[in-house]
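Enquirer: One letter stands for each residue in the lines below.
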Amino acid sequence: MDWHQLWTILSLPDNVPIIGLMIVIPFYTWYAFRQAFANDRLIEQLEADPEMAKTHHRKTQPFLKGWAREVHVWPYLLRIEFLAAIIVTAILMVWSITLDAPLEEPANPTLTMNPSKAPWYFLGLQEMLVYFDPWIAGVVMPTLIIVGLIAIPYIDTNPLGNGYYTYKQRRFAIWTYLSGFIILWCVMVVIGTLIRGPGWMWFWPGQTWDHNKLVFEVNRDLHEIIGITDPLIYGIFGFLVVAGFVVLTGFAVHKLLTMTEFNRKILDRMTLLQYLTMQLLLITMVGLPAKMAARLLFRIKYVWVTPWFNV
Amino acid sequence: MPKPAAPDIDPVVTKSLSVPLLVSTLILTLTLVWGIYDEVYAMRPWKRFQADFVELYSSHLAKLKPEQAAKEKAVKESAEYQDLQQQLEAAEAEARQRMEEIDKVVNRGVTPRLLTARQTFQVIKSEVDALTYQIEVASSDSAKQSLRDDIAAIKDRDVEITLVAEDGSGEITTAPMKFAVLEAEYLRLQNKRVEMQAERAKLLESAGQIRAKRDAYQANQLAGLNEQQVDGLIAKMDNFGVDIKQIHLNDSDWVDRCESCHLGIREPVEIKAEDVGGRAEFISHPSPDLLKIHNPDEFGCSTCHNGNGRATRSAVKGHGRHKFWLWPMWQKENVQAGCQQCHAREVITEQANVLNKGRTLFLNKGCWGCHRFEGFDKESDDLAQVQQHMSIIADQKSANEKERRESIAAGDTEQDTDKADALYKRAELLTLRSAKLDAEYDALVVDEVSLVQEARKFGPNLKEIKVKLRKEWVPVWLKNPHDFRPGTKMPEFRLLDDEIQKISAYLWQNAIDGKLQAHPQGDAAKGEELFGTRGCLGCHSMGEGDDTQGGTFSANLTRVGEKSNYDYLVRWINNPADVTPDPETGETASHGIPVMPSLRLSMPEVRDVASYLMTKKTDAPYAAADFMDDPQMAKEGLTLIRHYGCAGCHEIRGLEEEGRIGTELTLEGSKPVERLDFALLGHEAEAEGWYNHKGFFERKLKDPAFYDQGKVKAHLEQLRMPNFHLSDDDITALTTFLLGAVDTTLPEHYRYQPEDDRRFVQEGWWIVRRYNCVGCHQISFGGRTSLMGVPLYQDPDWKEQLPPQLYTQGARVQPDWLLGFLENPALSETDIHRNGIRTYLHARMPTFNFSERQILKLSQFFMARSSQSMTYVAPDMEPLTATEQQLARQLFQSRAAPCLKCHMTGNPARDLRATAPNFLTASSRLKADWTYRWMLEPAKIAPGTAMPSELFRQDGDRWVFSGPLPASFSGYEKDHADLLVRYMFQLTPAELSRLVAGGVQ
Amino acid sequence: MAEKTTKKTGQEAGTNGTAGNGNGKRLLGIDPEAIKAKAIEDLEAIKQPTKTDLYKSIFRVKHDETPRSRTLGVLSNVFLHLHPAKINRDAVAYNYTWGMGGISFYLFWVLTWTGVLLMFYYHPTKVQAFRDILYLEHDVPFGKLLRNMHRWGAHAMVLTVWLHMYRVFLTGSYKKPRQFNWMVGVILLVLTLLLSFTGYLLPDDQLGFWAVTVGTNMARATPMLGHEGPFGLMFGMTAYNDVRFALLGGSIVDSNALLRAYIWHCVAIPGFAATFMIVHFWRVRKDGGISGPAPMMLEKEIKPLRR
Amino acid sequence: MRIWKTVPGWMMVGLMSFALACGGGGGEKGGDAAEPAGGEAAGSADFVTVDPAKAATVTGKIKLNGEAPAMPAINMSAEPDCKGLHQSAPPAEVVVASNGMLQNAFVWVKSGLNGKFQPSTTAVHLDQKGCIYQPHVLAVQVGQPLSITNSDPTTHNVHPLPTTNREWNKSQTGGGAPIDYQFPRQEIMIPVKCNIHPWMRSYVSVVDHPFFAVSSADGSFTIKGLPAGTYTIEAVHEKLGSQETSVTVGDAESKDIELTFSAS
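So the protein sequences, as listed, match chains X, F, S and C.
Residues -4 to 306, numbered by the numbering used here, are exactly what the first sequence covers, in order.
Residues 3 to 1003, numbered by the numbering used here, are exactly what the second sequence covers, in order.
Residues 20 to 326, numbered by the numbering used here, are exactly what the third sequence covers, in order.
Residues 37 to 300, numbered by the numbering used here, are exactly what the fourth sequence covers, in order.
Next up, chain X with everything else stripped away, as it sits in the complex (with noise of 0.2 Å):
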């Protein structure tokens, strides 16, 4: 264990909001999940209790007749912001007391700094390069990532959970927002800050980043395993695997997504483009991860090479 190694890591000034990136999204998910559950479990009894569906308030907020529906924005809610900035302030200023900014060596176009990492709110795009050709990693992935956050409200047709914490109206939406934010996104940041090394090397946290490792690693197309030859039989074969995936995956997503009665309703209330849509964003979620399994378990480069393109 290089706890020397660990500490220049996780000291270095720029890393710091990693660490608080790696407290935080816990603690509020942990939050978040703590006021949903809360939430299901008054929307089971309102819903086994017809009665009380009528005279409930419907929050887990506590509510007596006789309390005003509102409130005054002076001084309810302006105490809480004024609050807010203080705290906000005080602690900007500990960590700008306490902590320099950092400023390394005058810019140098002949040095290549090893690791050269892009800021660290990049950094999963820059990991996806491992895994990716550039265009896809930085161009296209940024794009859809962007055109399908806002895609969200438009292809999510579920009326509930408007405006309230809930797990259980909203199953399928919660879970691919997971597995897109925290894991494809925040993890893919924590590894590439503290995970990557010298050479974007795998380092397990403790080792010792070493700038003369060397890794024994053949990556090798998709058709060079299977070991076709011709580049217009392995671009259409290349074409027809991806298409595969394609249509596998949708057909899993389609399963997935009929596969609760609530699910099902809801997806009568979707249009074909919405769904489409959905359905091409989903995908495309699930193609990264497929992509990385690919690469780490079988070490396939490319599974479809083109003359212009390799995907």
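Incorrect hints may have been included.
Capping the alpha-carbon separation at 20 Å, the derived lysine to aspartate or glutamate pairs in EDC-like fashion look like this [claimed, not checked]: (1) F/Lys473 / F/Asp631; (2) S/Lys145 / X/Glu99; (3) F/Lys17 / S/Glu63; (4) S/Lys319 / X/Glu46; (5) S/Lys322 / X/Glu256; (6) X/Lys208 / F/Glu442; (7) F/Lys673 / F/Asp631; (8) F/Lys715 / X/Asp205; (9) F/Lys942 / C/Glu203; (10) X/Lys260 / S/Glu320; (11) F/Lys801 / C/Asp292; (12) S/Lys145 / F/Asp253; (13) F/Lys696 / X/Glu100; (14) S/Lys319 / X/Asp263; (15) F/Lys673 / X/Glu100; (16) S/Lys319 / X/Asp205; (17) F/Lys17 / X/Glu65; (18) F/Lys319 / X/Glu100; (19) X/Lys208 / F/Asp679; (20) F/Lys67 / F/Glu276; (21) S/Lys319 / X/Asp35; (22) F/Lys325 / X/Asp9; (23) C/Lys99 / C/Asp292; (24) X/Lys163 / S/Glu84; (25) S/Lys322 / X/Asp263; (26) X/Lys54 / F/Glu688; (27) C/Lys206 / F/Glu352; (28) C/Lys275 / F/Asp799; (29) X/Lys208 / F/Glu688; (30) F/Lys325 / X/Asp128; (31) F/Lys319 / X/Asp95; (32) X/Lys112 / X/Asp128; (33) X/Lys208 / F/Glu335; (34) F/Lys325 / X/Glu100; (35) X/Lys54 / S/Glu320.
Since the hints were made in silico from the structure, they are not lab data.
Here the structure of chain X is known, so what remains is to put chains F, S and C in place on it, guided by the hints.
Expert: Only chains F, S and C this time, still in chain X's reference frame:
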């Protein structure tokens, strides 16, 4: 507001946030206070340093004050001071009366009178000026005329004016005055005041001169500051302002705040750590001499020392000793690396001994054989450049010629006369251009000839080994040269046994198989004496361990008999420039002539020395080496020789054009540390704090295979750099040199690249170092020659036998003479087995194989070092009158004048005992002004010289001989030393023999 | 407490108002008594600053506990009128809101202010940029604190924006009628990341240089528009005319890139972000204020879709 | 320790003797060596003095084993002025021994002494007569004036060749003013030569205490006034190197020692 009906209180509206608000506000206030504290105090450690310094330094000064006061008092009580003081007082007293008169008149009479007059005068004058302006702009003549009348009226007006009397008596008179009168009076008073003030200044002049003399005397006699100056420093400390002390270099926008903490650096008092409570950060600069030529106000601090001059937050930041500062402050032992940044052209930089040692090692250990370093092996670079230039000129010329021919041809066929004329003119122009190119080309040819002679590889020519060496010795040597000859320049290559065999085989089979002239044996005992006294030990050493004597510049010859061929040694000692031609091709060594000079020994002497050297051997056994004749081995050897880069230093057949195998080191110190290959040791280095250039270099030099540690590599993949077995001091010196080998960020004008005579000094040192002139001669102050360390020369009788010091050689000799002497130190074409000037010296100035260029550069070097020009026109010398000649001769012959006891006279038997040159050589060799100075005070020119001082004493403005004078001198009013110089410079052989014959011998 | 004081001062002010009417001796047509009375009147007014015209002209509303005053206090204030006068009683619950949107906005302000101050000391040129950072660290009063706050504030803002989005998703707040505002939010997220990214290069050190190099190198691979991207060569893309060249103003990260980063960072992106923020807040109000906590809807209450 | 009780008394004696010395010897000082002498004089109380009643004495003989090499005669033909002064050519006085006793060996207390000692103000004379230095070997204390005179008609130059002291070289005309010099640092056997007459040689030893002697013609020497203690006594000869021995003396004790050089 409606109250809730239920007993429950609505938490949203009733819960108070006061406590969290209060607490968080308090915390915020605290962080603000913290922020301010951090800004004002924690981040400004220099404030504490300054407070400490003021306290410590003040108390040191308080201690110093009485000491200096006592010293000052002692000086003031000395007779000389008292004398000057009395003179001063007398002069002041003399001037006092008249001065008081002047003061009275000026202060009480002239000045107040002048002021009053001026006031009135100026009022009227401004009125007149205003009217004059109106005249200038008035449109009509009549208006102008009336204005003129107005002016006349004003000037004609009587002004009542009250003035004090001029003599200072205080009398007051009131009188009417017209403008013209007033003006005259005003100007007169002004003049008078100036005159009187000038008179007053003149009165003070003599007192002022005496005072300056007195103060100068005090300053000269007093070590350190006087009491008043110490008081001044104490006052400075009392009024010390705590603030950033900053040097800002405007031209380069360089900022250094080092003195914010290092406050004692430029104090006029020498501050040692123990003076200021052991605080080493407060000491004064250890080398004030350096600061005199590198004034911090012009050079800053971090320009030389590195570090981050702006940073004031902590020592770590300021010294730049953290990961992200590319210019960390040099460590103390490597501080001279800073010199190299700007003095990169030099091999010797005054006051930078560690750095000089590093450069000299780089030069003399042959590092440049494998590693290119700009400036080292400049001859080869220059040669390539000159040759390239020559080919360009040749091309230009042939193009020129072609166009010329074409122009003429075109002109011949042209019908139009004007056009034909233009074409002919063109052809003429081209002819002239070609002529100019020819001249340029010829100049380059001269350079080329010199450079071809100069450029050579560092090590011995291996094409000669067959005639030079004992065959069996070669593999033994290759195994580890340091076993055979500790301290040799040839490094240890960590070769495997079969590699040694293959390399030896290649070298042996590719050596020239020439025939040497056979020589009879000489007398080894005589040879030993010659070896010890002729000056061989200036470069070579003899003996092992503590018995070693001689210089380290060249090989230690303790076991030379084991390896050498006697006939070869004879040839080599006789003339190292002799080479064996290849019997088949007639080819000889392709490059350069050896550094080893010819000592101009006679052939019997040569044989004696060679015979002596052949006795220097042990009876170590040598295994037969038949494999060296195996052609297959040789074939494989070639690859290995190429791999190990042997041809970097040695001439080897088949590898004449081989390049260098090492990294270029010219900018090694600027190479990013990431580029230095720490191999598996990078993390260890980081953890142990040597992950930097210094750490890398030191370990690499100590053990060049260091970074192979832990690596699994095939033998030929391992690091190739051989082990030089350097001492720790050598490593520090080389590290210093390499650290300073940077691509400096300093602006161009900081770099020391003089274009005037100082450049000759820079260039000359390279030659001096290359030929090891300093093995025998002291050239820079404090330098010790190799000969000075040889036991023989410790004997007082042998001290005079040391070769002459050359500190001020340029001032001593005439440049033309020097050129001739360097070319042929025997100063004779026939009688060559001797020294040209000091025949009595056992050590012999050898004949070096200098090129024309080198001789010129060396002469320029010596001249420039003494601020002399290369052109010397002997000053006109007053001819001796017959009487003077008589006088001078008498003085020379007088028993009180010992000149002829030591100086050579041309009598061979006597000259053997002489210790100084012949006077006959003076006029062509010496400069008269130097000779004059030399006679008066030789110890000031050459400390430790045999020439005694105080031969002359001062008598008024002239120098007279200090011993009893011949009677005829009574009435001779001129300078005796000058007389002797003139006599010497006009001495003829005939006069010398007359002199010697009449002498008191 | 505040109410009582108000009443009392009201009475006093009334009596003081009549004090100046007494008759006194007149000197040169001036009545000293009247002047004295006026002076006393002014002095008394100072004791009641909230009564002065100056105060009233600025704060048009009384700050007492009446619902009217509270409402007006918010509505008549240019900064506070982002808020409605009243909100859902549960919307102040921290366990629902997490406060991350507000904190992000606050951090944006902090960054704007520290950023403006930093701009005074910064020149986006290759020669000066790095030196200016050293200058900030060692010379500028509070310069180090300023830069640290800017840097850490920016990192914190990225985190709070992510958390804000996380919360909005988990509470389903993007659902009708807030779909568009979600879209604005996504754009703001992108702008936040771009702001941070462009700022990374400005110190011109190895860290920023290589982070930006790595980041922009991806642009090379843009399909059709990057010279290393699919079909890039077909579209005639080279290192000197592709999208990366456009981003950096050159084929390498150099002075032009520094200037571009600077202008994007200091002018353009903050401008866009501010604009979108205005839209974002406006839509929050217009879409019915903060989404919750809303009363829960039950599965059986889902209405059939009307197309 | 008994010796410590006497320290105050010694200091008194030292103070008084210094006062006397200063009063008596306030004459002129050699310019060249003024600095160290002045510096030392500042603290008179630092000097160690020895009670004459308790002073110990070391006497002894310097012997030479084997035959002393015959010394070639000096060829003074180059200087007729001097040649005339000698009946026959004098030998080069390098190894002078009779009856196995060695003359001109310098004997001194090399180590064992503590503290500083008052330098003597009595000048030591070195004369140049007949182109020979007289005496051939002599010694002075640090700061003690050395007065060099020239009794020859010819000009000499005086050229000491020290290693730790300053080297100088002055000419001195026959009968000229004496050269006065004080050596500021201890150094044993400084060769002094005349460049004009290369055979002339003298050896001056500079010692920072007064306990030294030069062996006389019968090889004997005496070192007086030593405080009780154990000392290393060293004899140094210009050609034969050095010999040393250890000796312990008590109060007022006399010890006799013998040091033997080897001729080969």
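Enquirer: Now tell me if each hint is right for this structure.
Expert: Outcome of the hint check:
Note on lysine 473 of chain F and aspartate 631 of chain F: the hinted pairing holds, with a Cα-Cα distance of about 10 Å set against a maximum of 20 Å. Distance restraint check for lysine 145 of chain S and glutamate 99 of chain X: the Cα-Cα separation of roughly 15 Å lies within the 20 Å cut-off, and the hinted pair is therefore satisfied. As the CA atoms of lysine 17 of chain F and glutamate 63 of chain S are separated by approximately 37 Å, the hinted pair breaks the 20 Å bound. Our distance criterion of 20 Å between C-alpha atoms is met by lysine 319 of chain S and glutamate 46 of chain X, whose separation comes to about 14 Å.
A distance of roughly 16 Å separates the Cα atoms of lysine 322 of chain S and glutamate 256 of chain X; the hinted pair therefore holds under the 20 Å criterion. Restraint check for lysine 208 of chain X and glutamate 442 of chain F: the C-alpha separation of about 59 Å exceeds 20 Å, so the hint is violated. The suggested pairing of lysine 673 of chain F with aspartate 631 of chain F is violated, with an alpha-carbon distance near 46 Å, which exceeds 20 Å. At roughly 18 Å between alpha-carbon atoms, lysine 715 of chain F and aspartate 205 of chain X fall within 20 Å of each other, so this suggested pair holds.
Among the hinted pairs, lysine 942 of chain F with glutamate 203 of chain C is consistent with the structure: their alpha-carbon atoms are about 12 Å apart, no more than 20 Å. Using a Cα cut-off of 20 Å, the hinted pair lysine 260 of chain X and glutamate 320 of chain S holds, with the two alpha carbons roughly 13 Å apart. Proximity of lysine 801 of chain F to aspartate 292 of chain C is assessed by CA-CA distance (about 39 Å); at most 20 Å being required, the pair is judged violated. Restraint check for lysine 145 of chain S and aspartate 253 of chain F: the C-alpha separation of about 19 Å stays at or below 20 Å, so the hint holds.
For the suggested pair lysine 696 of chain F and glutamate 100 of chain X, the alpha carbons sit about 18 Å apart, so the restraint of at most 20 Å is met. Distance check on the hinted pair: lysine 319 of chain S and aspartate 263 of chain X sit about 15 Å apart at the alpha-carbon level, within 20 Å; holds. Restraint check: the Cα-Cα separation between lysine 673 of chain F and glutamate 100 of chain X comes to about 13 Å, which is no more than 20 Å; the hinted pair holds. Proposed proximity of lysine 319 of chain S and aspartate 205 of chain X is contradicted: the alpha carbons are some 61 Å apart, above 20 Å.
Restraint check for lysine 17 of chain F and glutamate 65 of chain X: satisfied, since their Cα atoms lie roughly 16 Å apart, inside the 20 Å limit. Proposed proximity of lysine 319 of chain F and glutamate 100 of chain X is supported: the alpha carbons are some 13 Å apart, at most 20 Å. At most 20 Å may separate the alpha-carbon atoms for a hinted pair to count; lysine 208 of chain X and aspartate 679 of chain F meet this at roughly 14 Å. Using a Cα cut-off of 20 Å, the hinted pair lysine 67 of chain F and glutamate 276 of chain F holds, with the two alpha carbons roughly 17 Å apart.
Pair hint lysine 319 of chain S plus aspartate 35 of chain X holds up; C-alpha atoms about 15 Å apart against a cutoff of 20 Å. Taking the CA atoms of lysine 325 of chain F and aspartate 9 of chain X, the gap is near 16 Å; set against the 20 Å cutoff, the hint holds. Restraint check for lysine 99 of chain C and aspartate 292 of chain C: the C-alpha separation of about 13 Å stays at or below 20 Å, so the hint holds. Restraint check: the Cα-Cα separation between lysine 163 of chain X and glutamate 84 of chain S comes to about 42 Å, which exceeds 20 Å; the hinted pair is violated.
For the hint linking lysine 322 of chain S to aspartate 263 of chain X, the alpha-carbon distance of about 13 Å falls within 20 Å, and the restraint holds. This hinted pair does not check out: lysine 54 of chain X and glutamate 688 of chain F have alpha carbons roughly 59 Å apart, beyond 20 Å. Distance restraint check for lysine 206 of chain C and glutamate 352 of chain F: the Cα-Cα separation of roughly 31 Å exceeds the 20 Å cut-off, and the hinted pair is therefore not satisfied. Only pairs whose Cα atoms come within 20 Å are accepted, and lysine 275 of chain C paired with aspartate 799 of chain F is accepted, the gap being roughly 13 Å.
Restraint check for lysine 208 of chain X and glutamate 688 of chain F: the C-alpha separation of about 17 Å stays at or below 20 Å, so the hint holds. For the proposed pair lysine 325 of chain F and aspartate 128 of chain X, the alpha carbon gap of about 34 Å is over 20 Å, so the pair is violated. Taken as a hint, the lysine 319 of chain F and aspartate 95 of chain X pair is honoured in the structure, with Cα atoms around 13 Å apart against an allowance of 20 Å. Among the hinted pairs, lysine 112 of chain X with aspartate 128 of chain X is consistent with the structure: their alpha-carbon atoms are about 17 Å apart, no more than 20 Å.
Between lysine 208 of chain X and glutamate 335 of chain F, the direct Cα distance comes to roughly 35 Å. Violation of the 20 Å bound is thereby established for this hinted pair. A hinted pair counts as satisfied when its Cα atoms are at most 20 Å apart, and lysine 325 of chain F with glutamate 100 of chain X qualifies at roughly 8 Å. For the proposed pair lysine 54 of chain X and glutamate 320 of chain S, the alpha carbon gap of about 16 Å is at most 20 Å, so the pair holds.
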